[in-house]
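Chemist: So the chains spell out like this:
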Amino acid sequence: MTLSILIWLPLVVAVLGAILGAKVAPKLSLVGSLVTLGIAISFVVRFKSGEDGLQFVTDTSWISTLGISYKLGVDGLNVLLLLLAAFLFALVFVYANLREWERPGLFYFWLGVAQTAVLGAFVAQDLILFVAFFDLMLIPFYFLTGIWGNGTREERVRGTQKLVIYTLVGSLLMLVAAIATGVLTAEQHDTRLNFAISALQELPLSKGSQEWIFLCFAAAFLVKMPAFPLHGWLPDGYKAMPLPALGVFSGVLSKVAAYGFLRIVLPVFPDASVHFQELLLLIALGSILYGSVMAFSAQNVRLVVAFSSVAQMGFITLGIFALNEDGAQGALLQMVNHGLVTVPLFFIVGLLAARAGGSEEIKDLGGIAFRAPVLATLFLIVSLATLAMPGSANFAGEFLILLGVFNAKAAFAFFASIGVALAAVYMLRAFIKSMHNRVNPSVDSREISFSDLGVLLPSVVVILALALYPQFGLKKSEQTTKQTVAQVQAKTGQLTADKTSEEQR
Amino acid sequence: MSTTTWGWLVLAFPLAGTILIGLGHKRLGRGPAGAIGTAAILLAFLSAVAALVSLQDHEREHRQLVSSLWDYAVTGSIDARLAILVDPLSVFMMLVITGVSTLIHLYSTSYMKSDRGNARYFAYLNFFVFSMLVLVLAANFFLLIVGWAFVGAASYLLISFWYRRETATKAGIKAFVINVVGDVGLVLGTFFILRHSGTLDFLGTFRAVEEGAFASHNGALVAGCLLLLVGAFAKSAQIPFHTWLPDAMEGPTPVSSLIHAATMVTAGVYLISRMHPLFEHAPAAADVGAIVGCVTLLVAGTIALVQTDIKRVIAYSTMSQIGYMIMGVSAGAYAAGMFHLLTHAFFKALLFMAAGSIIGAMAGAQSLDKMSGFKRSMPFTFGCFVVGGLALSGVPPFSGFFSKDEILAYVGARGDWYVVLYIAGYVGAFLTGIYTWRMIFRAFFNRPSPEAVELEHGHIAHAEFPTNPANGEREDTEVGFPGPEHVVAEREIPMKVAMGLLALGATILGALQIPFVSHVIESFLEPSFEDSTLYSSIHPSDGLVWFGMILGTVLALVGIAIAHFIWVRKPGTSAAIQARFKAVHTFLWHKWYFDELIDFLIVRPWSALGTFCRTWFETVIAEGLLIGGTTGVVKAGSQAVRTLQTGFLRYYAALLLLGGAGVVLYFLIQSS
Chain A
1 MTLSILIWLP LVVAVLGAIL GAKVAPKLSL VGSLVTLGIA ISFVVRFKSG EDGLQFVTDT
61 SWISTLGISY KLGVDGLNVL LLLLAAFLFA LVFVYANLRE WERPGLFYFW LGVAQTAVLG
121 AFVAQDLILF VAFFDLMLIP FYFLTGIWGN GTREERVRGT QKLVIYTLVG SLLMLVAAIA
181 TGVLTAEQHD TRLNFAISAL QELPLSKGSQ EWIFLCFAAA FLVKMPAFPL HGWLPDGYKA
241 MPLPALGVFS GVLSKVAAYG FLRIVLPVFP DASVHFQELL LLIALGSILY GSVMAFSAQN
301 VRLVVAFSSV AQMGFITLGI FALNEDGAQG ALLQMVNHGL VTVPLFFIVG LLAARAGGSE
361 EIKDLGGIAF RAPVLATLFL IVSLATLAMP GSANFAGEFL ILLGVFNAKA AFAFFASIGV
421 ALAAVYMLRA FIKSMHNRVN PSVDSREISF SDLGVLLPSV VVILALALYP QFGLKKSEQT
481 TKQTVAQVQA KTGQLTADKT SEEQR
Chain B
506 MSTTTWGWLV LAFPLAGTIL IGLGHKRLGR GPAGAIGTAA ILLAFLSAVA ALVSLQDHER
566 EHRQLVSSLW DYAVTGSIDA RLAILVDPLS VFMMLVITGV STLIHLYSTS YMKSDRGNAR
626 YFAYLNFFVF SMLVLVLAAN FFLLIVGWAF VGAASYLLIS FWYRRETATK AGIKAFVINV
686 VGDVGLVLGT FFILRHSGTL DFLGTFRAVE EGAFASHNGA LVAGCLLLLV GAFAKSAQIP
746 FHTWLPDAME GPTPVSSLIH AATMVTAGVY LISRMHPLFE HAPAAADVGA IVGCVTLLVA
806 GTIALVQTDI KRVIAYSTMS QIGYMIMGVS AGAYAAGMFH LLTHAFFKAL LFMAAGSIIG
866 AMAGAQSLDK MSGFKRSMPF TFGCFVVGGL ALSGVPPFSG FFSKDEILAY VGARGDWYVV
926 LYIAGYVGAF LTGIYTWRMI FRAFFNRPSP EAVELEHGHI AHAEFPTNPA NGEREDTEVG
986 FPGPEHVVAE REIPMKVAMG LLALGATILG ALQIPFVSHV IESFLEPSFE DSTLYSSIHP
1046 SDGLVWFGMI LGTVLALVGI AIAHFIWVRK PGTSAAIQAR FKAVHTFLWH KWYFDELIDF
1106 LIVRPWSALG TFCRTWFETV IAEGLLIGGT TGVVKAGSQA VRTLQTGFLR YYAALLLLGG
1166 AGVVLYFLIQ SS
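One line per chain: the protein sequences are A and B, in this order. Just so we're aligned: 162 in this note's numbering is position 162 of the first sequence, and the numbers increase by one with no gaps anywhere. Just so we're aligned: 553 in this note's numbering is position 48 of the second sequence, and the numbers increase by one with no gaps anywhere.
Derived from the structure by calculation, the hints contain no laboratory data. Any given hint could be a false lead.
To be verified - Result set (EDC-like, lysine to aspartate or glutamate): computed pairs, CA atoms no more than 16 Å apart in a straight line:
| no. | chain 1 | residue 1 | chain 2 | residue 2 |
| --- | --- | --- | --- | --- |
| 1 | B | Lys531 | A | Glu278 |
| 2 | A | Lys475 | A | Asp52 |
| 3 | A | Lys433 | B | Asp576 |
| 4 | A | Lys491 | A | Glu278 |
| 5 | A | Lys475 | B | Asp576 |
| 6 | A | Lys363 | B | Glu671 |
| 7 | A | Lys475 | B | Asp584 |
Using the sequences and the hints given, assemble the complete structure.
Modeler: As structure tokens, this is what we get:
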């Protein structure tokens, strides 16, 4: 079974659903997503940890004159993200099936397109192919938000407009940068055009070219995450997105951006990564602190979760730009962890709003635990995981990230750890304000329904399982992570060696 | 079975109890939940006893046993395994924790029987004990931090157990956040140590320290130990991380008993003892620990003098007593510190239980201003309170006397500036006598309050409607609020049994370690501390020991006498003193203004920052400048504005994407 089946299956199902019509589409999409999940699991099972290089490779020439190939492959960096994406999409399809959507054929079509785009971006091993999938991701969200979004038409348009235009600009920068990478590599090394990432990695660009290209890629990824201060589209964009779309956007799409740093930026632009390390660490730190501060002062639960994502993505970026194994391992684990908590959190936001007359404002919530102990317990578990309570896999990730940064640039670790304490404030605040204290008069307090439990419970079970055995993920990614950072580390080593020799002189 | 298997069982029972009660909370009625919870902890206690017995079968040199289940996070530079360390120190802690907790569970079966959240309560309580056991059994820093944080989370759950009270949820989040700050301290401290020791494993770290891993990095070790102390202070409520402890009284009274006696606040004392090989190589950090402990014991003692909530007075007494322990173990008095931990666990659990009994008789009210004269109506509770009070204030032959004096004798024997700590310790002992007996005299002596009179007539007082004692708000008795019935120890056999056994322990446990007579604890713990230079080299002289015992006795008795004079012989004296030293009283009443200080220095700046970000940065920079700028540029470059609003953005976006891509591609290929 090849990776192509995995990535194109959701699209095929989506097209079929759109053709067969509104009656069949929801169920068909659900089954399709479960099959996709099964296929993803089979890849993870067959994946051999500790092996060098890509596995399950598909490599055919696509546009040979331009050196673009259709190359897919799995290694330690993406194996778990693949599983995460398939799992979260399956959850989202279950959730979507429990609700009514206007024009369901089209709705499920766009969700399917999104899944294909995301899975494609995760397994693409050709720079142009990656960019193509990355840009393809945006289109379904434009429609999903524009048509099925929340709020008045005006709010929807505003949210969509900000989301699309802002991330589109980032995407265009990345496209330019990707093309430039191939062209300049061919030029500087006098070789044929070849956009395969493994090939680009072998032929480093000159330092000057690396630097501006790095900035273009970074801009695209940081907008997508989003990271401070490029998160301006987030409040309106997140508020406008329908919950299923929001779940996968925050759970998976943001990870594609972080993954891009590890897959492309660090290996292909090692000099620039070292050069801009502190800048990126500063942005990461800014995201952590700003996201946390916004999360604990936000008046809307959805925004609490949204800004907590900004902070969490900040931690992930921090780990990546520690530029060492600990940091990268932690970042990868944390990508999975964050995906696993953010989707249930947004679902819970939906459940809370359903009990507060549709309002997501914190002042309209409160006191549900009394009648809904199961919902409260699940919310509590997810909240504790989100705030990286030791004992959760999130803590293992955060521990590695902070350790990596501590060993690279200790000061950043100290400031970042303020974010750990603030996470406790904003998550518990959201939990207490919605679940505890007196029952808010505007709240209709009732327990979680059985079908909704079907969405929440699997994610909580996975969170708990990973909490018991985070080594499951760490072991799979270890080998590739080591190689990914090795090159950059050689550069940092060089840099420090140069510095010390300068000092000695 | 091997010793470590018993260790794993000690963990397994409370965890199983939590899961069982948690999953079955709907089906289990009020009785079974309490029975399962109590049985789980009792079984854990029996396993701990078995571990003790089986540990004694090993040679003295081989009493540090490690057992690992699986690799938890082994990658890069960390080697975190799910592993426990069973040695005399951890066995000692297990015994104290499970033993006292069993009695607290037993007491709770009566105390919480009418509470509508009964099953949830026992699930949390089991989880609390489990967490604490993880903390003391952990064989590496990673698992220690896990246990550490679990304890914080469990305390949050129990402090805000009555979650429909806003006062309780506030207290809960406060405790949780301060504890997370402590966790962060532990994590960062671990980083400093891991960097040079190369392992998270305790025994490996200690070996590395002995082998000189920090010989040229002593600064890192001191920094690491200071950060570990942040964790210890947060959990053990030492200044300035103590403000959560008095507020934690929002939880049900048996929870206070648990937090103060068996679990949680003793964690810091354990941590310093466990890490003694590190602290002995970083004496500067150890000195900070000793000084903070000493300051805490004095400050808490003074605050306890004026508080009127009976539980808060006991809470401050805990802070003060933990101060003794922290001071002791930081100075190297490990066995003495552990001994005091043991005796304190007994008499403090007892005092809280007795307080719970009075609160029951007061229909939930906790203010000393309202209680008086319960001596006749509650003879059993009174007897327990007196035993606990005598042990707390250090009157011979009660247990607290021997353990506290042993700490102080050791600190005195360190000589040098430690003498200041020694003297301060005795000043604290004097204060302890006063505030403890102030509480007893006010609650039990003088003219009976209406509630006491009612109890003498055979009725437990009932308020007209239930209220929150903290703010007087009216409430009901459904889930999330206390149950409708109040109980007193005199009428509940489980409460009587629990309190009776604790009272017995508080009376006789001092015999384990009497100067010149017995050394049970010291010799048992020795294998854990034999590598310590302080432990083997400092020995108080006979004269110092005798002097300390006499001084301690005299100060305690004088303190009690003063309390008797002020609150029984001349009841008006208290008001006169308050009027005379108004400023001092206000200062103490406001608890040295620590809450206000923290609010001013930390809480307000951060919330101000939050408001600033939300109202200014977000709109002006993130949205206005960056988003506005970008969209503005895009819009200005085309006529899209109108099309956007007519819904043609989709075509426009696709066109932009494709067109832009095409142009750039063409251009670049041409130029190359």
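Chemist: The structure should be examined with respect to each hint, and the outcome stated for every one.
Modeler: Consistency of the hints with the structure:
1. B/Lys531 x A/Glu278: violated (54 Å)
2. A/Lys475 x A/Asp52: Roughly 13 Å separates the two Cα atoms, so the pair holds.
3. A/Lys433 x B/Asp576: Outside the cut-off at roughly 38 Å; violated.
4. A/Lys491 x A/Glu278: holds (15 Å)
5. A/Lys475 x B/Asp576: Holds: A/Lys475 and B/Asp576 sit about 10 Å apart, inside 16 Å.
6. A/Lys363 x B/Glu671: Holds. A/Lys363 to B/Glu671 sits at ~14 Å (cutoff 16 Å).
7. A/Lys475 x B/Asp584: Holds. A/Lys475 to B/Asp584 sits at ~12 Å (cutoff 16 Å).
In this structure, the earlier hints numbered 1, 3 are contradicted, and the remaining ones agree with it.
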